[in-house]
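Following the hints, complete the assembly by docking chains B and C onto the known chain A.
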Amino acid sequence: MKRYLNRLIASPYFSFFVTVLLFLALYGVGMAMYKGFMRPQVFFNLFIDNAALIIVTVGITFTLIIAGIDLSVGAVLALVCMVLAWLLENTGMPLPVAVGLVLFMGTAFGAVQGFIITKFDLQPFIITLAGMFFCRGLTAVISRDTIIITNPTWVAIASYRIDLGIGFLSVGAIVALLTIVVSAALLGFTRFGRTLFAIGGSESSAALMGLPVFRSKVLVYTVAGFCSSLGGLAYSLTMLTGYNLHGLGMEMDAIASSVIGGTLLTGGVGFIPGALVGVLIQGVILTFISFQGTLSAWWTKIVVGALLCVFIIMQAFITEQKGKLSSESSMEGNEAAGPPEKP
Amino acid sequence: MKSLKRFAGSSLFLPVVSLLVLLLFNACFVDGFLSLQVTEDGRLYGRLIDILTRSSSLIILALGMTFVIATSGIDISVGAVVAISAAVVCMLIGGRGDGVAETPMALAMLASVCVGILCGAWNGLLVAKFKIQAVVATLILMTAGRGVAQLLTEGQIITVYYKPFAYISGVLPGMPLPTNLFIALLMVLLVVFLMKRTSIGLFVQSVGINPTAARFAGINVTLVLFLVYAFSGFCAGVSGLIESSLIRAADANNAGLNMEMDAILAVALGGTLLSGGKFYVGGSVIGAVTIQTLTTTMYALGVSADQLPVVKAIAVVVICLIQSKKAQDMFDRFKARRAKKHAGGKAVDAL
Amino acid sequence: MTGALLEMRQIEKEFPGVRALSGVDFTLNAGEIHSLMGENGAGKSTLVKVLTGVYQKDGGTIRMNGREIAPRTPKEAQECGISTVYQEVNLCPNLTVAENIFIGREPKRYGWIDWRAVNARAQALLERLDVRIDVTRTLDHYSVALQQMIAIARAVDIEAKILILDEPTSSLDEQETERLFKIIRHLQKEGMGIIFISHFLEQVYTLCDHVTILRNGELVGAYETARLPRLELIAKMVGKEVGDVRTMGEAGEKSEPKEEVFLEAKAIGATGVLETVDMKIHKGEVIGIAGLLGSGRTETAELLFGIHAIDRGSLFVKGKPWHPDGPMAAMRQKIGFCPEDRKAAGIIGDLTVRENIILAMQAKEGILRHIPYAEQARIADDCIKLLKIKVSGRDQLIKNLSGGNQQKVIIARWLATQPDLLILDEPTRGIDVGTKAEIQKMAIALAKKRGMSVVFISSEMDEMVRTCTKLIVLRDRRKVAELAGDAVSTDALMKAIAGGAA
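Quick note, the sequences are listed as chains A, B and C, same order.
Each residue of the first sequence is one higher than the one before, starting from 1 at the first, in our numbering.
Each residue of the second sequence is one higher than the one before, starting from 1 at the first, in our numbering.
Each residue of the third sequence is one higher than the one before, starting from 1 at the first, in our numbering.
Next up, chain A with everything else stripped away, as it sits in the complex (with noise of 0.2 Å):
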């Protein structure tokens, strides 16, 4: 029993089974406490409301594979809003080459990240929080006061609805869907994405191996950035402004969507679903305080703080346990290649 509850310990998605169980205890009170609670479009409301951060979290959760980190997510999903906001209201720039200038933007901001850290050897905590001010900086020279999108085309997007019977997504719901599929896919099933864990857990090792690891990390930070600015336009798109404080440590929030998802700050260790659902729990978490009415919005920054650190803890722990396992499941491995049968 005991060797059992170790394995499932060990498992490298035990973390995964303990994010989605918090997400259904959480999802069932609300059902028990909250009448409202039970109405499906409630739970698409999470993937409607949270679209930004889903995409913002996948683009971390890069990054912390390769035990890297960006903090400058947030400052660049402002940024985005406000230069997209800026584009349609103040030049006559048709929509889809203002979409296509601002992604190209953050994407390029995070390859320029990527290549200092990368090239210069700096740790990448200095100079992403760099990038964070300034791009605060530079939202705030553009405009210092909020901007409201009109363009028609945007404003109908925003309020499209995709109907499911039983409720509707928004397109920048459907978006952070598609960034999840595509991401894991690119983690699991490509050689740059198998290259980022093996960077991961041994940078060294990752070298030695013949494995591109200045090119995978410069195209991590680009990555990030992407998805920063991908982020930006669903954040946009809910908000339909350009706005200064947009964004305002959302870097925090897509750091503990991830760790809660399993992701390891020590890099090696990532799992794109498990973000998904630690985004979702924070997700949840907001829509109590909004149910509950009279527990002030700042409580969601410290459940989310202590969440993250709770999970941190959690982790340290589990990777003392599994140091503790190997030594014993060395045996199990011998065992296991037991005497040479002859063929």
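There could be a bad hint or two in this list.
Cut-off 20 Å, straight-line C-alpha distance, at most; resulting in silico cross-link-like pairs (DMTMM-like, lysine to aspartate or glutamate) [said to hold, decoys possible]:
{"no.": "1", "chain 1": "B", "residue 1": "326", "chain 2": "A", "residue 2": "203"}
{"no.": "2", "chain 1": "B", "residue 1": "131", "chain 2": "A", "residue 2": "320"}
{"no.": "3", "chain 1": "C", "residue 1": "161", "chain 2": "C", "residue 2": "79"}
These are computed hints drawn from the structure, not numbers from a lab.
Frame of chain A, contents of chains B and C only:
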């Protein structure tokens, strides 16, 4: 000439020169920048004094940050801790319109500094005991901390009408300079005392340079890390007092906003490597004054507070590149290649 | 037609100030297991690194099947058919076994990685090596032995013609080693050339056909293993003739151990670190822990200083039972320890000589009881004078000193704490001859004049014999012999290290 060369190689070179450049710029373009006046009641007055006064809370933050960075860590929660400390002191004194304090001011100040230490200790626990990366550990408090501050102030801006509260960042009757400048001075003296009379400096540097060797020499690495973060929290707590007294209110959203970046920048400018090791308290102090001068200059140029981070972000990246070993190697190789080419060219000429 | 798979001729390699290889020849035939032997600094690893493209050679030629090659990176070497398995497994612990074998060259289907094929091929490949494990579990589930075999599987699958095994058995037990050897022999039969580097003589004799011996970056010779007696092999490695034990005479004074026992270890050990060691350290004694590299010398020292936890046996300090719990606990028992790896665990590079010297003393005093600067300066100056440390001043940065002087500073650090027992792990490695002699003399003087106990660890047998009055001989992480008094001689030591079959 020789002493000039020695100065150029010292850790103070960069911050002092950038400070001088900024001062020169201001002296040229801002009217009456260098003038000092004495008011009737014996107060010193002028733009230079203003800058120095304004930089007091940054100096204090930079002191704490210096130790943290020396252990090759970082504390990005200081801004949020400033907000919490500000919230605590204002909440305790209370926003009563008749100007009566609900709690004695000394007690309220003590409580808010203690809360600062508590926040730092929490960071220290996560970093030293649970071995969480410093960025992530302090990121938690950076974001959640503002939430805590909001909670304490119930989302309101608490304005304190109790008169003596303003003295923390104002001028006490009969004193020539504002109190916060003296507080900063006191903190600097405290650090100087710690450096001279305790071994914390030696231990911190050892842990930052070579943690294994430090452990082998019997240093309690966990304890040193914990203390360093707790001290940073203490500094942030004191800064919170100054910041709140300056506006006589607790603004959970804006108190200490972006100050973590300023503090990191001040330390880096002061010559302490962001990768840890040797640290320079004097450099950090001058670095803090320089950053404040930069901020003031930018305001004078019409840059607003929320746009300012652009400039500072660029400054951080530039300092990182200057400090980077790899960039230095590249530069050296480039110089060597050019020298070679030059020599080669001469040889060809000789033929 | 020479038939040689690999011919390295007149290989030269120089590092700033050191000639690492001079005129070394090495020949490897297909279907041969060839051992490369030599003590620390002999040039084995430099030779291997030149071959695998980690270092560039300064002179000489490398031919493979008669064609000249010059690999510049590990990847190029791999493409030439040279694969290496290192002592510490260079795989990723977080990936599955199958993925570790195939990463970077996974079979694909419609552009996506075909996991079924990856797993099936990995399974088949490992079965070829007689390893039957679940390839879909992550690498960290398996023992180092199995990881080693997985690394070999990866190396072999990259169509290697030459396989270099750099100390593959240093962390394996007997059974595991046996399994590994089976695999190596299997590969040998398939016509692969294998270079086997190990400090375990036993293993070299059971496995290898030929042995090439290096010493001080020069070739001593290449021999058929079966025709080279063990004793002669060791003699060649350490540069002594068999029977040449006369040098002993000039040893001069030695320490005079007192009756009183300072520390006694009864069958101490720690899982995965050390099997069992007993020893009694008397007051005023210089005791040596001898053995080849990897025999457990350093591990014994680290157990005594509380760096690893002891999980078997018991320790007594001055007759009282003691359980070491971290360096500070050991320091309170007045034990000092100069670690083997001076750079990684000894010096604090960016601090001054003075700060490095007072560090341990200050740590013992605590943060608050600061040693005043004048006092620090006095202690530092005393140490500098006593140990004849060559510095421009006490405030010179330690990283700018030579290796020997850095070592003296570390010794000074411990002397300042006034220890009763000083453990010196390889205090003379990589430093010049003059300083070496000084350190040896100092160890004896400390024991004699101050009544200190000194544990001395060194790879150089001469030095051990000259310095110590008692030798604890370790092999394969356990104590195999104890030499005392007149029995302390190079000859006896060599025999003890070589084991019964000498």
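Hint by hint, here is what the structure shows:
no.	hint	in the structure
1	326/B / 203/A	holds, 18 Å
2	131/B / 320/A	holds, 12 Å
3	161/C / 79/C	holds, 10 Å
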